[in-house]
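Residue numbers (the numbering used here), protein chains in the order written: chain H, 1 to 499; chain R, 500 to 672.
Fair warning: there could be bad hints in the mix.
[What the hints assert, rightly or not] Here are the simulated DSBU-like cross-link-like pairs (lysine-lysine), alpha carbons at most 35 Å apart as the crow flies: (1) Lys-624/R - Lys-37/H; (2) Lys-130/H - Lys-596/R; (3) Lys-624/R - Lys-596/R.
I should point out that these hints are in silico values taken from the structure, not numbers from a laboratory. Computed from a predicted structure; not experimentally measured.
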Amino acid sequence: MDPVAHIRAGAETGTPWRFRLEELAWRDLVDGLKQAKLPFAGLWCDGTDVHVLFLPHGNQPLAATLALEDGRYPALSPARAVSSLYERMVFDLYGAEAMWARDVRPLVDHEVWSSTTPLAVTPGPAGGHKGMIAFEPSEAFTAVEGLAAGVGPATGRMEAPCHVALTLRGETIAAAETVTGYAHRGMALRWRNSRVDDACRLTGRVAAGCSAAHQVAFCQAIEAACGEQIGHEVSQLRVVLLELERCVQHLYTLAALAREAGAVLVASRCMWFREQILKEAAPVIGSRLLMDHCVPGGVSLRSASEVGDLCTRLTELGDDIYPGLADLWRSYPGLSARLAGVGVLDRAGWERVGLDGPVARASGSDSDCRRDMRLYDGLWRFTAGRQEGSVEDRAAVLVDEVGESLRMLGDLVPRLGLTAGGRIDLSYQDGEGIGMTEGPWGRVLYWVRLLNGRVEHVFLRDPSYPALMAFESMLPGQNVADVALIKASLGVNAAALDG
Amino acid sequence: MGLIRAVFDAAFRQGGGRLKPVGPRWPLLLFHVDTGGCGGCGMELQALATGPYDAQGAGFGFVQSPRAADALLVTGAVTRAMMPVLETAWQAMPTPKGLICVGNCAVDGGIFTESYAVMGGLDRKVQIDLRIPGCPPSPQDVLEGLCSLFGKRLEDSAAAVQADGAGSSSTSS
């Protein structure tokens, strides 16, 4: 059975790429997916329906919808492993049960909230748990014998809170599982029936360091729902935001990797380069972490007409500093040796969880959302770097991508002209839209539904779920001293994960 | 709230025999806890700790255990899941100790107001010794805020940022 044709055979909805299935057809779909390679993008619930989204060709979406029956739906996790995280989230927020799910443990609700199933029509009573969250291991985890250990959620490392429970044999990790939900801020509830501009501000605070990517994807989704398109020059300003963000975020990650690997000088150099870029960019853009500069209908920059000059200056800065930094990464004594062979993610690893972004590219994937984005026409080019999948390779790919982003900023200069930025007024009509972009860690995708001029529902897909699954499955066999290194190299971000 | 408030008043001020000496050779050690936010304030703290701001030269260090810390540096909107973690970290700190909120979220919830999962900041729940507002505050804002604890103005560090060169960069633990 071809799952794409199977979904398209469902009843049409108001959205051309979303089809409504009956429960039996949905079950057939799950069976069919076990044999097919249709890329899975996410699963969400809106209280009455459950939706699943696929990306059959490039950035082309295809969604299936099923009405909940007695608050239940057949799970996708038997066919797509990463769906299990979405199913657990749906259960925690709506109380909708996934039948035949692979994992039914809570994901973010650890009985400390003031109401359980907060998004359900009738939210449940307050959770009765007091004190620290208790770790609920899976059966597979308890079956492994060894010394119990754990890291987090307060490590003093300036990262979003997350607990990693470990079983050790000597220094080697025998089993690992994460406890998430510490950073759950209830984004889904905050988005529901919010004003569009407020919702956009919220998307910028899903995960710092990826704010521009989230807001660009969200704004594209809003514009798609309204049936509007923004001008070419303004869209190129958004590319400046995206590439600038990728550049500074990769430098931040590289600094974290170098620090964990003990190369303090390299970490310092990366952070220093990042600061140099931000010192140039922040006065023109308006902030350091690029939050709230992409708004529905356009951009909001402090000085849009100076962005062209800024790109020129950043390119010059890159010409000055980047070659030396890239060389330092390759040649710093002991750094490559420390990272080589650590945390290897093979092809089967990222394919199983549907991981994309630089992590997958460092393991031989050529997934890059920018390839099919009109914003990047004539700008993005295919580059292939290291593909062995270790932390060393991932770091090398990040270093390469910093160079590519700087190159793109230079190429953008003639396209920007003297554009003044600004935004067009959108008339918010009822409808659905989808928007996506390549964030620093991979594809960021937003689906929004507008109703009565407000945002009725938002679904967000970003690489944090697959990254978490890859992280958990990769840890057994690794040295316990490498946990933070591997976590940083995979882009596991609890802030984005918990929502 | 259950967060027990200990005496901070005397900690970093003039006088008092038990006081830790502060100054360039005696850094004020900070333990950072992200209580659930976007992580932006944490990134700016990292920039402060590793970037060319010379936080150590200004008398501040970051530690990875609350047992070694003088002040608890809180970012994020304080989720209900993180409140017990915050309390545990506070309890583990030696006295005298202080509480510093960095960013709007940690102060009053900022964009993340109180909800089923979020307590919405620490303001009016516990005594906060220093508030550094912003969404997020820049590393410079944070450093200036920290320096205000000692009643001193930030001149050297501001010069360090202006200085163009890797020589001014420093790292902290």
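Okay, the hints, checked on the actual structure:
A hinted pair counts as satisfied when its Cα atoms are at most 35 Å apart, and Lys-624/R with Lys-37/H does not qualify at roughly 52 Å. Taken as a hint, the Lys-130/H and Lys-596/R pair is honoured in the structure, with Cα atoms around 25 Å apart against an allowance of 35 Å. The suggested pairing of Lys-624/R with Lys-596/R holds, with an alpha-carbon distance near 17 Å, which does not exceed 35 Å.
The earlier numbered hint that this structure contradicts is number 1, and it is the only one.
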